[in-house]
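Peer 1: Letter by letter, the chains look like this.
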Amino acid sequence: MKTLVALSLAATLALSAGQAFAGEDSELVIDGETFVTKLDAPADSPLAEIISGWRFRSNETQELQTDDFENPAMIFAEYGEELWSRVDGAEGKSCADCHGDASESMKGLRASMPKWHEGKATLFTLEDHINWSREEHQKAEPWKWESQEMLAMTSYIGLQSRGMPVNVATDGPVAEWYEKGKELYYTRVGQLDMACANCHETNYGNMIRADHLSQGQTNGFPVYRMKWQGMGSIHRRFKGCMDNIRATPYKRGSDEFTALELYLASRGQGLSVETPSLRN
Amino acid sequence: MKLSRRDLFALAAGLGAAGLIKLPAYASDDAVEAAIKKFAGGMPKTGGVDISAPEIAENGNTVPIEVSAAGATSIMLLAAGNPNPGVGTFHFTKMNPESRASTRIRLAKTQDVVAVAKMADGSTAMARREIKVTIGGCGG
Amino acid sequence: MAANIKPRVKVPGTAKAGEAITIKTLISHPMESGQRKDRKTGELIPRKIINKFVATFNGELAFSADLLPAVAANPYIEFVVAVPESGIMRFEWTDDDGSVYDIEKKITVA
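Residue numbers (the numbering used here), protein chains in the order written: chain A, -2 to 277; chain B, 2 to 141; chain C, 166 to 275.
Everything labelled a hint here was simulated from the structure, so no lab data went into it.
Do not rely on the hints blindly, as some may be mistaken.
Result set (DSBU-like, lysine-lysine): computed pairs, CA atoms no more than 35 Å apart in a straight line [stated by the list, open to error]:
no., chain 1, residue 1, chain 2, residue 2
1, A, Lys141, A, Lys236
2, A, Lys179, A, Lys117
3, B, Lys95, C, Lys213
4, A, Lys141, A, Lys35
5, C, Lys213, A, Lys236
6, A, Lys236, B, Lys95
7, A, Lys90, A, Lys35
8, B, Lys110, C, Lys171
9, A, Lys90, A, Lys104
10, C, Lys175, C, Lys189
11, B, Lys95, C, Lys189
12, C, Lys171, A, Lys141
13, C, Lys181, A, Lys224
14, B, Lys133, A, Lys179
15, B, Lys110, C, Lys271
Covered by chain B, according to a simulated footprint, are these stretches of chain C (three or more residues, beta-carbon under 8 Å) [claimed, not checked]:
no., region
16, 174 to 180
17, 262 to 268
Which stretches of chain C does chain B cover? Using the computed rule of at least three CB atoms under 8 Å from a CB of chain B, they are [to be verified]:
no., region
18, 202 to 211
19, 238 to 244
Everything numeric in this text was worked out from a predicted model, so none of it was measured.
Every residue gets a Cβ at the ideal spot worked out from N, C-alpha and C, and that includes glycine.
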């Protein structure tokens, strides 16, 4: 079985080698600002070059992200902006009551996610931060991970870091999370017995059937996916990958996915945050 | 009774063959032709209508497409390979210096899209264009 | 985003008389096709789409579109107009459930 899968995978990839994608050399420019979508990787990186998922898409898909009106992900960021100043919870407060202008107070936050949280003494994703603040400060019900509200808020907060380089800390108290994420990345799982690395490190740029494999970078999340016809979180994408290799996915918000999110972000250090981005 | 996977496959195949399970149905050529004739009042000549769309759509759920026809008062768009061929119709007025419109559509598989234009003088025209829809490797 | 159906339009604020200007419109709407099944119950999710889009300028019809379920979620429509004078461009989207969503933009002809 293992040989068969390996053979068929090899055949799929071999068939498609040499099929260049038109979009690979394009530069992402939004409102006159050029985004870093490709850079040389540092010496200790397993990658030679760090490449945003945007580069792996077709010209038509790429173009939709270059115009904030045409990019349907911006609908969610706008909804997030509405929610930012909407009063919620027993305290009768909105996000804006404490955090003021998001373009000041939230600038750079997404670029450093996930991040150690002192109070809770654990690694926090952006979703964790939002729900913690809702419960702690607003005395409001936490949002579901994949709810429209949560996606709108992570889009809006993420947008405040758009264009800034991904810059996550991997040392100090999060070092063990980083190691755990790395271990997950290289561990083969599921009926197809594959690790993240088998596609996204060894075969990025190749085709898997009709799909162009990317490095699995997280700098554009949450993303509007044409397939989903809507927005999705990083953990939703992880779950999709695990379903595809016929593994039992971890839960959204689980320690496993949070650790993996940190490790993946560290592999994309220096890429511009593209949130909210658009993919196929 | 507990059915094994094999039993279920056999059962499904049998029912499918007997026509008891509705297999995904796609629009027949007849349905497409009927829709064109209903709109245009006959089969229009080919030419005079432009369809601009990707040759290969990365995802069939959201395919950008633009139709235009000089002098058209309306343009109907059909997806000949969808379960229902209709997509929509654009209506132009004297306030439109060009009879051109863009939207994003859903295509169930690789297929032809058809644009039929009605002109101010009552004449009609049409164009047909294939759009390949990739099945995706790991949609996730 | 059923709870948050919101129209957006991109219209130039100023134009020359008779100049061709591009209008971009988008409304957040799931365009539920009526062909999908609920994953949990197995039942067909009823159709609920934007079926009509109308643009008027100073009350006069400028452009319209009839939409069917094959139009993608968050329907995007782009078209070209030329207006002779300053005025209000009004956009209306009609939902299967009878709701009408609208937005207005002023165009100043210099």
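Peer 1: State for each hint whether it applies.
Peer 2: Hint-by-hint comparison with the structure:
| no. | hint | verdict |
| --- | --- | --- |
| 1 | A:Lys141 x A:Lys236 | holds (16 Å) |
| 2 | A:Lys179 x A:Lys117 | holds (23 Å) |
| 3 | B:Lys95 x C:Lys213 | holds (32 Å) |
| 4 | A:Lys141 x A:Lys35 | holds (34 Å) |
| 5 | C:Lys213 x A:Lys236 | holds (29 Å) |
| 6 | A:Lys236 x B:Lys95 | violated (51 Å) |
| 7 | A:Lys90 x A:Lys35 | violated (41 Å) |
| 8 | B:Lys110 x C:Lys171 | holds (30 Å) |
| 9 | A:Lys90 x A:Lys104 | holds (21 Å) |
| 10 | C:Lys175 x C:Lys189 | holds (5 Å) |
| 11 | B:Lys95 x C:Lys189 | holds (19 Å) |
| 12 | C:Lys171 x A:Lys141 | holds (22 Å) |
| 13 | C:Lys181 x A:Lys224 | violated (40 Å) |
| 14 | B:Lys133 x A:Lys179 | violated (38 Å) |
| 15 | B:Lys110 x C:Lys271 | violated (41 Å) |
| 16 | 174 to 180 | violated (count 0) |
| 17 | 262 to 268 | violated (count 0) |
| 18 | 202 to 211 | violated (count 0) |
| 19 | 238 to 244 | holds (count 6) |
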